[in-house]
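Colleague: In case you want the letters, here they are:
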Amino acid sequence: MSSISLRTEPVEAVPPAMAARLVEQTSANQPIAPGRHTGEVIMDVQSISLSFGGVKALSDISFNVREHEIRAIIGPNGAGKSSMLNCINGVYQPQQGSITFRGQTFRHMNSHQVARMGVARTFQNLALFKGMSVLDNIMTGRNLRIRSNLLLQALRIGPAEREEIRHREFVEHIIDFLEIQAYRKTPVGQLPYGLQKRVDLGRALAMEPQLLLLDEPMAGMNLEEKQDMCRFVLDVNDEFGTTVVLIEHDMGVVMDISDRVVVLDYGKKIGDGPPEEVRNNPDVIKAYLGTSH
Amino acid sequence: MLYRENGQFKTSYRQDQQIFGITQDRYAILGIIAFAFLAVPFLADEYLFRAILIPFVIMSLAALGVNVLVGYCGQISLGSGAFMAVGAYAAYNFFVRVPGMPLVPAIVLGGLCATAFGILFGLPSLRVKGLYLAVATLAAQFFSDWMFLRIKWFTNDSSSGSVSVAGLQVFGAPIDTPVAKYLFCLSLLVVIALLTKNLVRSAIGREWMAIRDMDVAAAVIGIRPMFAKLSAFAVSSFIVGVAGALWAFIYLGSWEPAAFSVDISFRLLFMVIIGGLGSIMGSFFGAAFIVVLPIALNQFLPGLGGAFGLHISTATAAHAEFMIFGGLIVWFLIVEPHGLAKLWSTGKQKLRLWPFPH
Amino acid sequence: MGFFLETVLGGLMAGMLYSLVALGFVLIFKASGVFNFAQGAMVLFAALAMARFAEWFPAYTGINNVVLANLAAFAAAGAVMFVVAWIVERLVLRHLVNQEAATLLMATLGIAYFLEGLGQGIFGSDIYKIDIGMPKEPIMAFESLFQGGILINKEDLYAALIAAVLVAGLSVFFQKTGTGRALRAVADDHQAAQSIGIPLNRIWVIVWCVAGVVALVAGMIWGSKLGVQFSLTTVALRALPVVILGGLTSVPGAIVGGLIIGVGEKLSEVYLGHYVGGGIEIWFAYVLALGFLLIRPQGLFGEKIIDRV
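Residue numbers (my numbering), protein chains in the order written: chain V, 1 to 293; chain P, 1 to 358; chain C, 1 to 309.
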């Protein structure tokens, strides 16, 4: 019986050591270990303001993100958290302010250019490609790195075929990591919500991003699913050193896994710092619980 | 019982990714292709070739092209007739004006001109989508109608407005009998279908489908919308242009601009929707349906009317055809909006279980 | 200068007729999100019905009054369009509620083929006349301002007036009546409208009825001008750019768009036509709409489409 060849090439695919660790992770029950080594500032958001017609979604938001850290953005509903991610991603164009990512400063940039700079993202409402299978959805995340042109793909010989197989191998590692092997050929529309969220994460991971933006990755999940998702997020941060910015409502998750927290309310920043500090900030408490009269 | 995949294990990604994963499928398709090439020329009579087989082959090719754009990339196009026309007239001009130009290169060049035209009129897809895009493509259709009617250079300054080609041959073998025409078109169809299938199952195909399903998300994962949409227009118009050249050269022989009117655009769209959007097999099914239906109606309606004691004049038959055609389209869309391809795959599912009910 | 004005006026009046057909599109799209490719076939069907009923009326009732015949024919044709609307909703629309745009488009195309076959099968396929007493002689106006005066086609003038009355009536219907409000609610949000008790199916029947009446008026006018024949269906295709220009969801947009297209077509034919071989009317409207699409996709008055992720 021939075996699946694990031939990997140094340039594009996952290095063997990392791949082995990924496979290891699927069965290991690692404890959540906070305290990562965070590095330089890789993203700096400066005075971003965004309005839709008369509605001001974001007012003068500034914060930074350090490499390798997990940064949480929290706030009541409608505070502008998703809009903030959309600005970073290029889906919305802010009217004022700028974003500096890895030395490049921009205010208006097309989403696919931002993606090519190394920023990946999941969506609150699951923007999966309903007409495709799980495998194909995650494979689209590799499109950034496909080198062969139309003609080669049409002929499907030699280099094109080999490249397709290489990317397939990488995606299979991600599928193993997220434990969705049984569903790889299923159309995503038929999967339950929790699994669809994993596919969304898988697609973002396939881009091998330096910055991963997660928009409420644990919304609508039960306790077990949340634990799984937390584990994935921490593993991604640990093993690949991916910087993570996540929007989350579950305070337990936020306190447990994030290094620093930004708090938004009505489009303004009302808190910024380590979780314990933010938790005791009176403005934050007021925003969530309201004041008593 | 016969159609099971038991024992067919895939042991490499290469095997897993092949076009026909199930061995029975592979043999069936090879069988059908062999039958089409080897048996049909001896079994079919001239009428069958001229009325059904040749139009079916050429229209399948055109439907394939339209399916790439509408089915895989989700860009509604009502201008396919224009792309066929550009392919036809460009091939004609290359064939007639360049001395010694062989047939196949002329057709390919016609396809490339259609590609340029397609990219140009595909530019609106970068700004609009859905119905607005459909109307934009109609602009291509009407512009091409006018272009080939009024600009005399395209028709080689023909006084009647119609042009014709003769003396077609490939490597010395003349294409004048129905069998030769059929085999020529069939060869081109098989080659282009294979290339297209390869395209839709590789990275560019996934890009197209991503754009179709949710273009905002596609951009966020790094797919450039401009490249994806324009490449869909380019590939689609090339295939449709080649089909147009074949339609003009092989099926019609001599033609005028009205041969590529908006009616053909509608028919192609019907083929693709009834056959199944986003399915290569679907293009064949849809083309077969739309090619055979008018002929079937023509043959059976007077007979059917006679059985009820009604005399159906040709005019009434023509009107009844319209009604039945329209009615069938609507009925089909209600019953199976995903087209014949979906019925086919459902059938295969049932076949997997046969003879067990579930 | 006089000639220029003449051309513009002629264009305005032709544009009014485009607006009529475009109205039918906008109405149905506003209320059900369906782009009705069958509008042209409905124009033909309605016109055929009216022409033939007007012919048959004297034969059946023995009354030879032209005005009465026309009125009865109009009413009968209107009734027929109501039936068509009801059947379309019952048999087609109800079953295609959540399908994608391409499917619905194809369904309306299927309906178009069906109506064309049915209309010609029942009413015949010759060219028929509709004579509603529109004066055919032109008048020369503004003779004091311009030498020789400006040629105004009286028929076009009457047609424009009828169209204007119809549009005014529809505007009042939409703004002031309960049904009109319900229609606007459905256009905004199907589910929300249903949740406050608006019966979607009945609304759709009403909308298609209204569109049918609009088609009838358009068919009557066009038929009176050109005679009722199969080529009337192409009128719908000519009206599509109007809808794009004006915005798919806007009634005033259909009017303004129609006028712009009408004037533009006439002017371009007269002043640009001979440079490029003539006959550019068939694509001018479309290319104009195309240009518009690139600058302002939602049209002059349409609503901006915002994609939320």
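Worth double-checking, as some hints may not be accurate.
To be verified - Label-pair ranges, simulated between beta-carbon atoms:
{"hint": "1", "chain 1": "C", "residue 1": "L91", "chain 2": "P", "residue 2": "S313", "range": "26 to 36 Å"}
{"hint": "2", "chain 1": "V", "residue 1": "Q113", "chain 2": "P", "residue 2": "P294", "range": "49 to 59 Å"}
{"hint": "3", "chain 1": "C", "residue 1": "V66", "chain 2": "P", "residue 2": "R50", "range": "32 to 42 Å"}
{"hint": "4", "chain 1": "V", "residue 1": "G220", "chain 2": "C", "residue 2": "V172", "range": "42 to 52 Å"}
{"hint": "5", "chain 1": "P", "residue 1": "K350", "chain 2": "V", "residue 2": "N125", "range": "55 to 65 Å"}
{"hint": "6", "chain 1": "C", "residue 1": "P252", "chain 2": "P", "residue 2": "R50", "range": "31 to 41 Å"}
It is worth saying that the hints were derived from the structure and are not from the lab. Think of the CB as a built atom: it goes at the ideal place given N, C-alpha and C, for glycine as much as any other residue.
Colleague: Decide, hint by hint, whether the structure agrees.
Modeller: A quick look at each hint next to the structure:
Checked against the hint of 26 to 36 Å, the C-beta distance between C/L91 and P/S313 comes to roughly 28 Å, which is consistent with it. The hinted window of 49 to 59 Å between V/Q113 and P/P294 holds, with their beta carbons roughly 50 Å apart. In this structure the supplied range 32 to 42 Å is violated for C/V66 paired with P/R50, their Cβ-Cβ distance being about 52 Å. Between V/G220 and C/V172 the beta carbon distance is about 48 Å. The supplied range of 42 to 52 Å therefore holds.
For the hinted restraint 55 to 65 Å between P/K350 and V/N125, the CB-CB distance of approximately 35 Å leaves it violated. Taking the beta carbon of each, C/P252 and P/R50 are about 53 Å apart, not inside 31 to 41 Å as hinted.
Going down the numbered hints, you'll see the structure goes against 3, 5 and 6, while the others check out.
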